[in-house]
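Colleague: From just these sequences and the hints, can you work out the full model?
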Amino acid sequence: MMALPLQLFGSNSDLGMILNLLWIVMFFVVMFYGNALQVWRWTKQIEAALFKLNRMSEESREILTKTIKDLGKPAEDPSKAVASMLEFVTIEPVSLDPAGVIQRLDHVLDVRKSRYEDAVARMAPKAGKDEASNLEGTIEAASAVYFIFKVVRHYYILGKKTKNMYVVLQVSMQLHEIMRIAKAYFEALKAFSLGKPIGDGLGPLVTARMLDVSIKNGVKPIIQEDVAKEVTVMEVELDGRKVLLIRAKGPGSRVGKPGEAIERIVEEHKGDISRIIMVDAAGKLEGETTGDIVEGVGAAIGDPGPEKYKIEEVAVKYKIPVDAILVKEAIEEAVMPMKKEITDAADKVSERVREIIKERTEPGSTVIVAGIGNTVGVG
Amino acid sequence: MSDSGQPPVGKGVTGGRIVAVMIGLLCLLVGMSLLIQGWQTNDQISVILGLFVFSLFFSFMGAAWRVPAQNPIFRTVTVAKCSKCDYTEVRDFQRGDYIYKVLGKCKECSGDVYVKTIYAIPLQKTQLPAS
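For the protein sequence lines, the chains are R and G, in the order given.
Position 300 of the first sequence, counting from 1, maps to 344 under this note's numbering, and the rest follow consecutively.
Position 12 of the second sequence, counting from 1, maps to 130 under this note's numbering, and the rest follow consecutively.
Hints in this document: simulated from the structure, not taken from any laboratory.
Just so you know, not all the hints are guaranteed correct.
Stated by the list, open to error - No more than 25 Å apart at the CA atoms, straight line, and that leaves these computed lysine to aspartate or glutamate pairs for DMTMM-like:
(1) G/Lys234 x R/Asp336
(2) G/Lys234 x R/Asp283
(3) G/Lys234 x R/Asp256
(4) R/Lys264 x R/Asp114
(5) R/Lys384 x G/Asp204
(6) G/Lys219 x R/Glu91
Only a predicted model underlies this, so the values are computations on that prediction, with no experimental measurement involved.
Modeller: In structure tokens:
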């Protein structure tokens, strides 16, 4: 059985000699050009990913433009305004002097938000309030996809220009993760454009479920709109306690300023709040299960900083304990359409919040339950 | 296994996999021949070349067995319920649906039918509706 290959490839045959020679040549090629070959292979991988990212970015732009045309009925083609919004940048405040950096960041974020609102109002004048909010979310998701494409392209060109293998290597090593995030934002864009609930909407969904239970039990809620920007507070009575359910206004894509709302409400009550319970989605580690519920303490909010700061400040000022209930989700699950495991978890969390209120607060006390997250598709 | 507990899409015998297995087996045969012959004749080049060709066997077999990464395809459904009776309706998500939206009156008890939940379910390739 081995005779034929031995005849063909053995070192005594002609082909064997050629192979031996080829092997020696290959040895020197690998010795002197091994790195170049490896860089070439990595570059090809990045090129393939860039092609996909470019396609995703172009498709995002098309979906965004089409959604603006469908919902906003603009008089002129919004393509130019869309291109301008995709390039929009937000410059973080200087942190060399950290005093007041939170207030400065808060101000920058407020200005950014108003610029987005103005841009959508101009691009889509006929869009309703919730549709306009969804368009803001769509723009943000499209910007994220475009930004990822630009960064990968930058390192690809830089690597080729400088022939620096470490520049190429860095991108190549992270390519899988980069593509995962880009695909997640691409899915998020479709969800925002259609108004589908996303994984991050868990917090508002929990407060909606709690409100639903109260109404079914015959409680008439007192609803206060715009306590802080785009935040609604619903006052209900639950097991003899006054429960203030705080969440961003749905069903458009909004996150609001829940920190500011909590701060105002605590000040209004002169600190007479027995507990603040915060519900949010939390990033899961690989191996953990989507929809798992974990409990802890501290302000459960993933904002850039200002909202969390306000909650912590007011909680410290009046010594109010802050509980956190988190539902595990992968980063991409938080921005993609909500999975069944997450909606199921919302029912369990609302039950758990009720138990916590019974266990840790006295009848007659006031409790804040804050559902943190994006309200797209959650009314 | 995917998140839904179902096997990943793309498993099965394909032309590419058969070719990879055949090349792999050829590499195994040639690699072993060179290795044995090099060993017997004390020819180091044949031994090293044999090892190299033999290692290709694992590369090709690995490629044949690897399940290609698939992007899960999701279908979003809207679950509507009656506020009074057990009436439940599950349908595809439509633009404008949102959780707790009142859709109309119940056909069975004239209670309010509202959207109880909206969620995405992963689809297998075979479950994709024909376009």
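Colleague: Going back to the hint list, which numbers does this structure go against?
Modeller: Hints 4 and 6 contradicted; others consistent.
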